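Based on the sequences and whatever the hints tell you, model everything.
Protein chains in written order, with numbering that gives the first Met the number 0: chain P, 0 to 260; chain S, 0 to 314.
Since the hints were made in silico from the structure, they are not lab data. Each hint should be verified, as a subset may be incorrect.
[Stated by the list, open to error] To give an idea of the chain S side of the interface with chain P (calculated C-beta under 8 Å), a few residues:
id, residue
1, Asn56
2, Thr61
3, Gly270
4, Ser282
If you're wondering where the values come from, they're calculated on a predicted model, not measured in any experiment. Note that beta-carbon positions come from the ideal geometry of N, C-alpha and C, so glycine has one too.
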Amino acid sequence: MGPMRTIVRLRDTVEETPTTVTLRFPFEPDALPGQFVMLWIPGDDELPMSLSYTDGPSKGVTVKAMGGTSRGILALRRGATVGVRGPYGHAFDLSPRRILIVAGGSGAAVLAPAAELAARRGGQIAVALGATTRAELLFADRFRAMGAEVVVATDDGSAGERGFVTGPAARLLGERRFDAVWTCGPEVMMVKVAESARGRGVPTVCSVERHMKCALGMCDACALGPYHVCTDGPVFDAEKLFAETEFGRFHRDASGRRLPG
Amino acid sequence: MAELTVRLAGLTLRNPFLLASGIWGESGVSLAGAWKAGAGAVVTKSIGSSPRPGYANPTIETYDRWGMLNAMGLPNPGIAEYPKEVATALEAGATVLGSVFGATPDEFASLAERMAATGVAALELNLSCPHAEGYGTEVGGTPEAVGAIVRAVTRAVKVPVVAKITPNSADPAALAVAAERAGARAISAINTVRGLAIDVRLRRPVLSHGVGGLSGPAIKPVGLAVVWQIAQKVSVPVIGIGGVATAEDALEYLMAGATAVQVGTAVAFEGVGLFHRLPRELSELLDEVGLPSAEASVGAARAAAPVPQPPSPPR
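Laid out in structure tokens, this is it:
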């Protein structure tokens with residue numbers, strides 16, 4: 000049975016970009032990079048959120064405003080009360096030495112703590128960081144602070160090179176040897192990144208997002224092929240996703256209906 | 000090793016452990032997974048006429064050991080989309096019971112026809128969801144209503160029809176009797192027990208819908224009592240549901256009069272691997288207690304049932 004709910008007061012909120020906020024809150028249970036919590040905004044919704052800060056008793060999530068609820072999250076202030084249950088799911092395997100991080104948009108939220116821990120254990124980290132525009136680049140400084148090399152791409156060319164982050168990612172893969180690629184972002188981006196890495200013989204690990212309700216492996220809302228993202232993921236080997244699931248081709252809405260993309 | 004095959008509503012099941020409706024049943028691949036893990040049959044999520052997202056989260060409250068409270072709100076992709084999910088489960092060889100929910104006898108009958116056309120082995124009618132306005136318990140709360148729905152469905156389809164009745168009624172056995180008279184070939188009991196959780200720090204109900212349904216070990220005695228009561232009033236088989244997590248739980252249900260059981264909440268404890276473990280353990284347990292088969296255990300505790308005594312006169 001999953002751990003039960005804890006009610007916490009937000010210790011801090013940090014505006015990371017115009018559309019992205021980090022919420023820090025006291026939460027004692029041990030957590031590893033890649034795991035997620037169900038965050039309850041009372042009166043609004045409860046959403047699965049990968050932890051962007053996993054160390055110590057002060058955890059954090061970093062949220063991009065997309066739907067109505069995540070816009071409500073942007074309005075939360077220090078002292079606001081939220082519910083947390085978890086942590087759930089599988090974490091990143093931190094054993095690879097040379098790691099290429101490919102982050103699109105808010106995907107950096109789950110990759111930053113993983114990279115931090117890997118770097119602290121002696122890993123060499125290179126980061127391909129993508130966003131729509133300069134102001135939306137997430138955690139560029141945080142990646143640099145851990146000693147990672149950071150290559151940037153923006154859709155409008157306002158920072159780094161113009162275009163999708165898949166370009167610099169493929170180039171980095173061509174220039175040097177990596178032991179693993181870790182990626183999170185739009186699914187089509189992750190598919191392309193994993194294909195580039197496969198061409199170089201490098202295994203890719205993806206952090207996957209799906210509609211979630213129970214987070215206990217029971218309700219089937221997050222079914223992905225034979226897996227449940229909540230208990231079997233959210234971190235998956237890309238090859239497993241390609242071979243056994245509809246990853247990159249369709250997802251399911253709240254009703255369980257298949258939708259393309 | 001004791002024999003585990005059970006016959007029920009014209010079906011022959013390889014063991015008496017069914018995947019309960021609402022668990023792992025939205026996608027055909029998941030249903031196939033539960034079947035491959037060893038379930039005797041799988042019951043689909045309850046499917047309605049159109050796609051339904053269900054309630055906003057939180058839809059679930061978990062308790063440490065004794066179960067969980069949920070108000071999912073009958074999320075489902077709708078009957079037009081669902082045949083492809085059933086097809087995936089059938090391709091894996093699964094025995095599938097298609098669960099449907101409607102607001103009226105006509106809607107039930109129309110859904111039943113469409114679900115039967117997918118090739119399911121039987122239908123289970125959701126007359127018992129405790130938290131969906133206009134559905135479930137609200138349309139299956141009286142013997143008259145249950146009778147009308149079951150009759151409309153049994154007239155519309157040839158496949159066996161199982162009625163899943165609610166424990167949230169003064170007389171669940173009367174609902175079962177009405178279903179049997181209207182042509183149900185088996186009774187599933189129980190659905191979740193209506194319940195509520197409040198967060199005192201937030202001074203509000205936890206679930207977005209407020210009231211939900213309690214499941215898991217906490218409700219096993221409730222389910223057993225209802226099955227016990229139903230089994231003496233109907234002659235069709237009963238499928239016992241509520242808090243089954245071990246072979247011993249299952250045997251309690253069988254001895255109370257059930258022919259099979261459904262497992263739901265326990266899947267959250269240990270995953271569908273439990274469908275591999277439970278049949279083997281039941282077989283061993285039957286050997287231990289000296290019963291040759293699962294079918295031989297059905298109602299085995301009834302012979303020892305205490306004869307009701309008239310109340311003693313006041314002194």
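Hints versus structure:
1. Asn56: holds (4 Å)
2. Thr61: The hint holds - Thr61/S has a Cβ within 8 Å of chain P, the shortest such distance being about 5 Å.
3. Gly270: Holds, about 6 Å.
4. Ser282: violated (26 Å)
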